[in-house]
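Taken in sequence, the protein lines are chains A and B.
Counted from 1, the first sequence has number 80 at position 81 by numbering that gives the first Met the number 0; the numbering is strictly sequential.
Counted from 1, the second sequence has number 63 at position 64 by numbering that gives the first Met the number 0; the numbering is strictly sequential.
Please keep in mind that the hints were generated in silico from the structure rather than gathered at the bench.
Check the hints yourself; a few may be wrong.
Any copy will do: because identical chains look the same in the list, a pair fits if it lies in one copy or spans two.
With a Cα cut of at most 30 Å, we get these calculated DSSO-like pairs of lysine-lysine [to be verified]: (1) Lys46 <-> Lys122; (2) Lys47 <-> Lys97; (3) Lys65 <-> Lys43; (4) Lys144 <-> Lys132; (5) Lys97 <-> Lys43; (6) Lys132 <-> Lys103.
Below are the chains, spelled out letter by letter.
There are 2 protein chains.
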Amino acid sequence: MLTRNEFFMLKALDFAKAAGDTAEIPVGAVLVLNDKILASGFNKREKKQNALFHAEIECIALACSKLRSWRLTNCDIYTTLEPCIMCVGAIINSRIKKIIFGAKDVKNGACFSNRLNLKYSYKPQIIGCVLEKRCSNLLHNFFEKLRFQHQ
Amino acid sequence: MLTRNEFFMLKALDFAKAAGDTAEIPVGAVLVLNDKILASGFNKREKKQNALFHAEIECIALACSKLRSWRLTNCDIYTTLEPCIMCVGAIINSRIKKIIFGAKDVKNGACFSNRLNLKYSYKPQIIGCVLEKRCSNLLHNFFEKLRFQHQ
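So here's chain A without its partners, still in its complex pose (with noise of 0.2 Å):
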């Protein structure tokens, strides 16, 4: 029996997946909305050549699309990596309620692997680690491959 965030953690794997086969660092996310889900991505920086195209990115862009607002209030993101500076700050200027992300990045993650310390009034709750295993893996073996590619 799955719970809500392993059941949600579980698409957003779907999207990361879709990331992987078109040879992009497999990252995905989706954004959730009344138990279901509004918007989703998948990191696309190599393919539209642009550092704003991560998974979060995307689904915060659609999601302000399809509700008319930049205010995304009342939603969660779950994401299979930890976000990064740019993807905290995005979530925290859409008033995204919740983050929920499955592998650490303890090189780039803004959400506990990189001491913030913001000032920021508005901060939105952080569960980590859901699914972590499964999140991890998929990205241990993109790179294990490239690597194999490289050799």
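Once you've looked at the hints, dock chain B against the given chain A.
Then chain B, alone, in the frame of chain A:
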């Protein structure tokens, strides 16, 4: 005689004014490569109803599109207001060399005003407070006018 930084900050100020003219918080930015403006942007959050539409993000998206590359190495970004964490993250992600900002943003700024303590290996150079008075006056007058209209 204007310095290089003042020259480009004046250009960014022109875009900030354009934002203010459309009832947006007046923040503008230009992205400079080889002493030429490659891209410009201004805050369009309300018009677009999208939390991502900060001046810096518009600049970066446009510059990536023009250069057909997510790497904006050797580019400098001039922005009239100290960038928030989303924009600092986007600047790091796109490998912009230098951030030059005008007015400080004590609440939301992520250059000096919030201690980020990042472990990121890539760190852009930061120069603050160029034409600070002009940049902060523009914001101050905008909010004064807003307060007056709502009295």
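Each hint, compared with the structure:
no. : hint              : in the structure
1   : Lys46 <-> Lys122  : between (32 Å within a copy, 25 Å between copies)
2   : Lys47 <-> Lys97   : both (28 Å within a copy, 23 Å between copies)
3   : Lys65 <-> Lys43   : both (20 Å within a copy, 17 Å between copies)
4   : Lys144 <-> Lys132 : within (18 Å within a copy, 53 Å between copies)
5   : Lys97 <-> Lys43   : both (23 Å within a copy, 25 Å between copies)
6   : Lys132 <-> Lys103 : within (10 Å within a copy, 42 Å between copies)
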